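Residue numbers (the working numbering), protein chains in the order written: chain Z, 1 to 154; chain H, 1001 to 1154; chain P, 2001 to 2154.
Simulated from the structure, these hints should not be mistaken for laboratory data. Do not rely on the hints blindly, as some may be mistaken.
Said to hold, decoys possible - Cβ-Cβ distance ranges computed for the label pairs, FRET-style:
| no. | chain 1 | residue 1 | chain 2 | residue 2 | range |
| --- | --- | --- | --- | --- | --- |
| 1 | H | Asp1125 | P | Val2102 | 37 to 43 Å |
| 2 | H | Pro1046 | Z | Ser87 | 39 to 45 Å |
| 3 | Z | Thr50 | H | Arg1008 | 34 to 40 Å |
| 4 | H | Gly1013 | P | Gly2124 | 35 to 41 Å |
| 5 | P | Gly2033 | Z | Leu7 | 48 to 54 Å |
Claimed, not checked - Here are some chain P residues the structure puts well away from chain H; computed CB gaps all over 10 Å:
| no. | residue |
| --- | --- |
| 6 | Lys2011 |
| 7 | Asn2025 |
| 8 | Gly2124 |
This structure is a prediction, so every number in the text was calculated from the model and none was measured. C-beta: ideal position from N, C-alpha, C; glycine also.
This is what each chain is made of:
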Amino acid sequence: MASEIELRLQKMGIELPKPAAPVANYVGAVVAGSLLVVSGQLPIGPDGITIKGKLGGGVSEAQGKDAARLCAINILAQAKAALGDLSRIKRCIRLGGFVNAVPDYQTIPQVINGASDFMVEVLGDAGRHARYAIGVAQLPLDAPVEVEAMFEIS
Amino acid sequence: MASEIELRLQKMGIELPKPAAPVANYVGAVVAGSLLVVSGQLPIGPDGITIKGKLGGGVSEAQGKDAARLCAINILAQAKAALGDLSRIKRCIRLGGFVNAVPDYQTIPQVINGASDFMVEVLGDAGRHARYAIGVAQLPLDAPVEVEAMFEIS
Amino acid sequence: MASEIELRLQKMGIELPKPAAPVANYVGAVVAGSLLVVSGQLPIGPDGITIKGKLGGGVSEAQGKDAARLCAINILAQAKAALGDLSRIKRCIRLGGFVNAVPDYQTIPQVINGASDFMVEVLGDAGRHARYAIGVAQLPLDAPVEVEAMFEIS
């Protein structure tokens, strides 16, 4: 039987991708006791990275928000690969959002909302998380956004 | 009866503010088992953000340190809102300090000391934490400092 | 009796240093339940910081990778000081890698691999961790790399 989370993803028309292979010598997620820690995810789709560049440079706020949403989808894909069943998720504890930004870029929270909104949309109250969001000098693959996550699991 | 921590805050003349509403779709803090994870806090006072800009730009080291201290006060305000009683704090496990800095800025640790010193002053030995401190390209609201935190609680 | 990890370090010709004193008011590592959280470590050797500057500036990818490896050695030194015995490490849960990079620097993951490869080399499967890696505007002491870590312990 599909979990409530899986059903909500279906209704949203989202099929979780095969999780992206780490671009280096690490793993996508680690389970430790009641914690699931997911590696920083990039906006990678079936054909590779979907967008490159900086917010405040060539990437618009709307594009950045979409990229953050895709990072969050990839986080859930990693969670599913690690847990088997998404219904083991009790809570999204925290998201960490990194925005590849020019030094005078102002709307970092709005970009990371693409990830935060997705978590709440899919997980409901269990998706309401703590968060930090920062503008960084550069990200792997020149991605505009990277998001890392920690969940409480059963 | 006021906890030891509350008494220390009183002696320091600090009244914890109403915790800042998150500037986006997330919550100020999450309790998961024996962990309390607090969202990245900005130097926001009763009248909004108290200072903007970059270290090595318009913001001095002393101003940055004050801003970091205010971030730490706001962390404790979030902790109180989440826990009810600050005496549930067993330990500040870690602070993560983000300094909005020009690329050649040198004294990042000194700025984040404003937050670290406050935690030790208020929590005593339980305030002695692990830490990372980094200079970032930009922060929400053009804040000079953001600090996130993780506590062990009972 | 030396633990398996200690023996592997010996075979690699690595003697763990006396852990670097924090450059500010915090501690090198905190144990909380089954978690060990290690402060961000810099590439500091017996004579101080071994290299300064930015990736994409004066620091090459190979030098950055070496610096990241030294950060990881220092992480293990902090872990040993905190735990007494490295055999208490059950798993490296996550590394967080910060690369001091110019805004158009591209190969952040390759630099942080210096830390990731070391963890897997020393800890074996228990060293396989989640990870995030980002390019930042500046780091303490103008270090090219900083790495923070979280372990599961027994």
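Comparing the hints with the structure gives:
no., hint, verdict
1, H:Asp1125 with P:Val2102: 37 to 43 Å, "41 Å, holds"
2, H:Pro1046 with Z:Ser87: 39 to 45 Å, "43 Å, holds"
3, Z:Thr50 with H:Arg1008: 34 to 40 Å, "50 Å, violated"
4, H:Gly1013 with P:Gly2124: 35 to 41 Å, "53 Å, violated"
5, P:Gly2033 with Z:Leu7: 48 to 54 Å, "34 Å, violated"
6, Lys2011, "29 Å, holds"
7, Asn2025, "4 Å, violated"
8, Gly2124, "25 Å, holds"
When the structure is compared with the earlier hints, violations turn up for hints 3, 4, 5 and 7 and for no others.
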